[in-house]
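Q: Each chain, letter by letter, is given below.
Number of protein chains: 2
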Amino acid sequence: MKQYVFDFSQGSKQMKDLLGGKGANLAEMSNIGLPVPAGFTISTEACNQYFLDQKTISAEVKSQVDAALEELQKQVGKNFGGSPCLLVSVRSGSVISMPGMMDTILNLGLNDQNLEGFAASTGSMRFALDCYRRFIQMYGSVVLQIPMFNFDEIIESVKHENNVVTDQDLSEEHLRSIISQYKAVVVQQTGSEFEQDPVKQLYAAIEAVFSSWNNDRAITYRRINAIPDEIGTAVNVQMMVFGNTGDDSGTGVVFTRNPSTGEKNIFGEFLMNAQGEDVVAGIRTPKDISELETVNKEVYNELLRSADLLERHYNDMQDIEFTIEQGKFYLLQTRNGKRSAAATVKVAVDFVNEGLLEKEEAIERLDLSLIDQLLHAEFDKEVLKKTPEIALGLPASPGAATGKIYFDAESVEEAAQKGEDVILVRVETSPEDIKGMISANGILTARGGMTSHAAVVARGMGKCCVSGCQDIDINESEKQIKVGEHVLKEGDYISIDGTTGKVYVGKVPTSNVDLSEDFTTLMNWADTFSSMEVFANADTVTDAENALKFGAKGIGLCRTEHMFFEDDRITEIRRMIVSQTKEEREAALENVYPYQKEDFKKIFTAMGSRSVNIRLLDPPLHEFLPREQKEIAKMATVLNLEESVVKKAIEDLEEINPMMGLRGCRLGILHPEVYEVQAKAIINAALEVLEQTGVVPNPEIMIPLVGSAQELAVLRARVVAVKQQVDPENKLAGLKIGTMIEIPRACLVADKVAEHADYFSFGTNDLTQMTYGFSRDDSGKLISQYVQDGILKVDPFSSIDQEGVGTLIKMAIEKGRSQKPDLKIGICGEQGGDQNSIEFFNTLDLDYVSCSPFRVPKARLAAAKAAVRAFKSTAVTL
Amino acid sequence: MKQYVFDFSQGSKQMKDLLGGKGANLAEMSNIGLPVPAGFTISTEACNQYFLDQKTISAEVKSQVDAALEELQKQVGKNFGGSPCLLVSVRSGSVISMPGMMDTILNLGLNDQNLEGFAASTGSMRFALDCYRRFIQMYGSVVLQIPMFNFDEIIESVKHENNVVTDQDLSEEHLRSIISQYKAVVVQQTGSEFEQDPVKQLYAAIEAVFSSWNNDRAITYRRINAIPDEIGTAVNVQMMVFGNTGDDSGTGVVFTRNPSTGEKNIFGEFLMNAQGEDVVAGIRTPKDISELETVNKEVYNELLRSADLLERHYNDMQDIEFTIEQGKFYLLQTRNGKRSAAATVKVAVDFVNEGLLEKEEAIERLDLSLIDQLLHAEFDKEVLKKTPEIALGLPASPGAATGKIYFDAESVEEAAQKGEDVILVRVETSPEDIKGMISANGILTARGGMTSHAAVVARGMGKCCVSGCQDIDINESEKQIKVGEHVLKEGDYISIDGTTGKVYVGKVPTSNVDLSEDFTTLMNWADTFSSMEVFANADTVTDAENALKFGAKGIGLCRTEHMFFEDDRITEIRRMIVSQTKEEREAALENVYPYQKEDFKKIFTAMGSRSVNIRLLDPPLHEFLPREQKEIAKMATVLNLEESVVKKAIEDLEEINPMMGLRGCRLGILHPEVYEVQAKAIINAALEVLEQTGVVPNPEIMIPLVGSAQELAVLRARVVAVKQQVDPENKLAGLKIGTMIEIPRACLVADKVAEHADYFSFGTNDLTQMTYGFSRDDSGKLISQYVQDGILKVDPFSSIDQEGVGTLIKMAIEKGRSQKPDLKIGICGEQGGDQNSIEFFNTLDLDYVSCSPFRVPKARLAAAKAAVRAFKSTAVTL
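Each protein sequence line maps, in turn, to chains A and B. The first sequence begins at 425 in the working numbering and counts up by one. The second sequence begins at 425 in the working numbering and counts up by one.
Worth flagging that the hints you see were computed from the coordinates, not collected in a lab. Take the hints with a grain of salt, since some may be wrong.
A pair counts as met if it fits within one copy or between any two copies, since identical chains are not told apart.
Stated by the list, open to error - Derived lysine-lysine pairs resembling DSS-like cross-links, with alpha carbons at most 30 Å apart:
1. K1026 <-> K1147
2. K913 <-> K1071
3. K809 <-> K913
4. K906 <-> K1071
5. K1176 <-> K1217
6. K1217 <-> K1234
7. K607 <-> K583
8. K931 <-> K805
9. K1058 <-> K1071
10. K1071 <-> K903
11. K1244 <-> K1234
12. K1176 <-> K1239
13. K1234 <-> K1176
The structure displayed is predicted, hence computed values, not measured ones.
Between the sequences and the hints, there should be enough to build the whole structure, so can you do that?
A: Okay, structure coming up:
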């Protein structure tokens, strides 16, 4: 006979699938000798059987429940529905907690008959009546599905009639009146009297829990989160204990360590003669847990012992609920405690130092979503509460920023120079806005997704950004934004949270968190476990310095185009673009050359002998041309050209789908001189740094947007020719020439591409874009909707699409390494900083991931976690 | 010992790899008893050995050449360089003929000593001198690499000094003077006397042929055409025969059948006392070959016998060169004869009817590039010669068209209504131009590639189109075009050739070719061999009728959006797009519904029970909105909206990369009512046609742009719901719901997609676009350049990229059929009409290909060819 019902003594924390999370933990605590109110769990299999049997509880399950109830009464020496009166709680407990499911019914077992006896045993009729009132209300709404307002109306009218303010002030008489009115509601709504048989109450509650597994909200939630329908929920039936039966009773909540700082000190509150909900409700002020020692030293010590035991047992800081019933200490719940980012780090390091955890376990356990908080500003929580939230965009780059809004890069710069805090607000940003982005505290855009220009650049700068905020109507020419009724003009304050995507109207102070020593310790441990290295995407020497500060092993992506926008270079670039002949183009490029060389020298000097992977020019040329009439006129004047010539050049470069147009290596092939000058600048910069410092820089030259081996072959040959010319003595013997793998076709012919490549770097942004056919610039709204509808589990630009894009990546790696077994392979798309993606990349045996400098620490931890997990799963397989 | 040298008696047509094409054919003719001047071939292996040996002819090869030369002298009873004098020709002959390689040296073996004897044996000193003069010139330029102008100057100055006009009029004395001057040039340029030793002449010529295999032009040609370097070239050494040694000598060229009409009659010309080049030069008028009978009946009969023998032997119409030397008939060359499209068809059918060929061979042999000529107009060749060609664009849709140029759809329509011939000229076309395209004779655009809007729509209409003509500067607002010095205004005549991409200024008459009975016979044979069916892409009832006329088995792609542009529908579509609520949108769609239903009814009625695969709305909505200010104002008035509201709607829909934006099934998911109304129109149309005709229509509903199984699952469920509602009696029980496979990701997850699809239709245009990252609208110029540079072998939008896109298609088919073994799979991209692509698709076991109606005949033949080849290769394998 299959066992469907398990006494707490029969379960363990390993039995989550069968007993649900709550049931497994109650059993576990019970079995390590902690004082848990007795009870039993009805398994998830019983739930599945219930649905198989057309929503009836089978005789087999019933007989086991009956037996468990019998046993429970014996254990606690009480009588269910009799005297001394045993009351129980009935709680759902699935493996994964799900909103919309039935949660809890307390005080089950009470009826008109045993009420007196129960009152006598607790010494308070008012208490007993209040329990009964609550029970009818909970059972009525949850089991009988009577809308809650029916009960609320009654209690409110009784309070009103009797000038009573809080529930606590209701007298016995009031409660009796409420109970009789509640019962009348039950009759009126269901046609039957309120159930008086405790056993029938119990079975009705169990059925209600089972049924809630398949209510609409739960089904929708499962569908969206890809939770299988067949895992089912367990039901926990547990003896009630009461903290509000007198001054020797009480209740409290503690953390085993300080959840804000991580300090090793029990932390929490308690209230005597109170129920759990009283602590939360805030009507009486709870006391600091340390005061419990003077109230009841024995209980206090038991709490300390339990806390210590649980921490050691679960190897993690615990969040514990306890109740004292007439001097007896009970544990009601334990779970891993939520904690701040700072506490996360400190607890992890302390646990290792205290010998409670191995380093790899500490790392595997880390909740990396907290790491961002350590590296970015946060809003003052109190001020934030009072600030109106007006819109929700995409959390494009984490952090919090507040400032006056300006609508163009120039105004932002001017305001910032005056010392103002500024937020740059644009429909969408383009490379022309870079200087404004540098000066702003944060960036807000109405269009574009997680990998739009604004998002990518902001993350690179570690700057807060909310992108794709469709709710906001931005009018750049009138310099104002509209959101609902709010109209904000240039100079008005807003605050944006790049971690949540929320936008607030007004000023909210922000605070920074300093990086602790523990953080450094943890990061260093992490690196010892990782099998992938973490590189940074860094375009400037500032980026490079940040990259080193955050522990990047090198630069995995240095985009040369961003250099083109600074100072006077843009003029020369524009001159190059409008050139009619190869000679003119070369002359313009020669003017850019010294700038590029100096930029590279600075980066090489900063990075020493670490590798610096430089991508040759990638974006379509029109990105370098002005879009507004004023700017066009200015450009014509500067270049000494007719305005019509400039306009014609801009028109000629216009493309309907620029992302799939003339960019990347296609530019390099059509205009050989562009890549040749860049290669010359890189190689000469390296040679000069070598000359000046004695250290051999380690540049790598990367060809973007390759779709066929032929393209790479042609361009590699040209770079090699430049190398031979510029470095005839071959001082940079190790110079590598590699390619981005970002066009789906490149994955399909990766073996042939590998013939001409020293390394592959997956550009997962473009690869995702083309594999899915989702324009990075346009698909923000669509993707949000898809995620909301459950068509997509997650934005594939944030976390790699393992099924689709991942298959292409795998294929490319296999093909590439079939040609060159030692081919170095990394990734430099935005997903390089995402935890799930990193775990996936780790399974593919990549050499490195590269991400924005500010995401490097998280990526280092994620890489370490992935390696530890991979090791563990191998160990298990072996 | 390896055999490097083969007497003609030792070779055969199967030995092309070793002997080259020319050598193998000379041997073949020789062996079937035809009178070929004796000779031998030095094999391609000898060429490779030559390069392996650092460009020296090995002793082994040398000894074999010497022996062959000895044998040749014995065979013909002449003495090489002696008396009677044997002269030879030396010709290259690779497996694949290549421009830039050395071609021919004639009269080799002549020197100062044997000249007299040679003159005596031919009876003409002038003739002998002319031969010697030509030999020195050819040998000097080809073997000694002396620039040709050195020789040209001498001959011209002699003519000038002596008032001689043609070479024929040069006297013996003139020739002697020329020869001595030629020799002086040789000394001056090389430092040595002109070689007098015939054997040394021969070896120098052989080395020159070998070396030319690796000259720059040949190497480049091989690289571009992916011809392996190691196949090498053979060298043919053959006894010279002369048609110009008197009135009993002569020369001629004949086709075994009429190359224009295919009629079974020997066709060609001859000249007595002449050399081959005299026939071509046109100084004397050649005579019709039939007159040879009276000149030399014996020779004439030998020619007829040879022609018949060669036709039967090669199973194809032959193009033959012959020479009569002093009454003796020699064959110098035979090859498959080039012929017109009409002749191609007639010859193929006649050969089968004459029992010379099996049907499948006739089909396998067909040169399909000629088929287009049969279906499209051609220019009058004589007028064309005198018409200036001003530009070259892409041959987007075959045919020839002439007319006055107009720059917008409205003007085109007006002019066409007045009876004018019109060419629509646009920078690029959009769906708004459809009516203009219908009225125009042809379409010329400056932008866009082979699958741009103009190209696709024109091919669908069977209308001539030249797209992506970058040379032309089109100014739509000033209504004029500039090309070089030419300025053309509205109303000026141009002529465009969509088969070649050429653009001419002025009017050129065009002619149509009627389809012959033979053509129908051939097409019917073809269908019996094909394993894939050919469907047509057809959006209207006119298209559907064309599809049937050209033998399509059904409609493989019916695009519903084109229906939206006609009449008043566009207004309702626009109303739908600017709707703010679901209700407004539904109301607007209800107005479109009757139009759509009527359109479908017409198509279903035309197609009977054949399948009609209808794609639900695919393009981004902004394509339906006006772009010009005037049109925007008009739209605002018609819809009774503020102009600013219309502008805002247009702006909101603007996308940076619309091809990867909100289109296809994404629209269907975000606006369920759009697909629901379309499904309703399709199903009700089918039910009404069934009611009216008693025939059950066979509609198939296709969801475009699917990237994940979830998208298809959601939309399929909605279509099924509409079906259940509209057709409760399930009269259309066979209704299939399928999907386009056109997003790379769909290929990668095709097994999951197949769970929800009754069929797959590969949209190879979009699939190519995204796999390559080549925007169809923008990449025309880039792709031309890539093809020119040899980076791409062929435009992947014209002929499927088997290596990249093909791999994805294969994967999708495997995955799809792993889920559903009987899954119907077809293709409906532009490559569905391309011969090489069809052959590739045939190997993938596709059920059908679908292409424009006008490409159906060619596709049917291509499918048949592919099946015949596949069968043959299987047979060989077995």
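Q: Are the hints correct? Go through all of them and say.
A: Hints, verified against the model:
1. Taking the shortest Cα distances, K1026 and K1147 sit within 30 Å of each other inside one copy (20 Å), while across copies they are farther apart (67 Å).
2. For a Cα distance limit of 30 Å, the shortest separation of K913 from K1071 across copies, 23 Å, qualifies, whereas the shortest one inside one copy, 32 Å, does not.
3. For the identical chains of this complex, K809 and K913 are intra-copy neighbours only, at 23 Å inside a copy versus 68 Å across copies, given an alpha-carbon limit of 30 Å.
4. For the homomeric pair K906 and K1071, the shortest alpha-carbon distance between copies (18 Å) is at most 30 Å, but the shortest distance inside one copy (33 Å) is not.
5. In this homomeric assembly, K1176 and K1217 come within 30 Å of each other (Cα to Cα) only across copies, at 16 Å, whereas the closest approach inside a single copy is 34 Å.
6. Taking identical chains as interchangeable, the C-alpha atoms of K1217 and K1234 lie at most 30 Å apart whether they share a chain (21 Å) or sit on different chains (28 Å).
7. Within a single copy, K607 and K583 get their C-alpha atoms as close as 18 Å, which meets the 30 Å cut-off; across copies the closest is 130 Å, which misses it.
8. Taking the shortest alpha-carbon separations for K931 and K805, only the intra-copy value of 13 Å comes in at or below 30 Å, while the best inter-copy value is 79 Å.
9. Taking the shortest alpha-carbon separations for K1058 and K1071, both the intra-copy value of 12 Å and the inter-copy value of 28 Å come in at or below 30 Å.
10. With identical chains, the CA atoms of K1071 and K903 are at most 30 Å apart both within one copy (26 Å) and between copies (19 Å).
11. In this assembly of identical chains, the alpha carbons of K1244 and K1234 lie at most 30 Å apart whether taken from the same copy (15 Å) or from different copies (25 Å).
12. Proximity of K1176 to K1239 under the C-alpha cut-off of 30 Å is found in both arrangements, the shortest distances being 8 Å within a copy and 24 Å between copies.
13. In this assembly of identical chains, K1234 and K1176 lie within 30 Å of each other by CA distance both inside one copy and across copies; the values are 16 Å within and 19 Å between.
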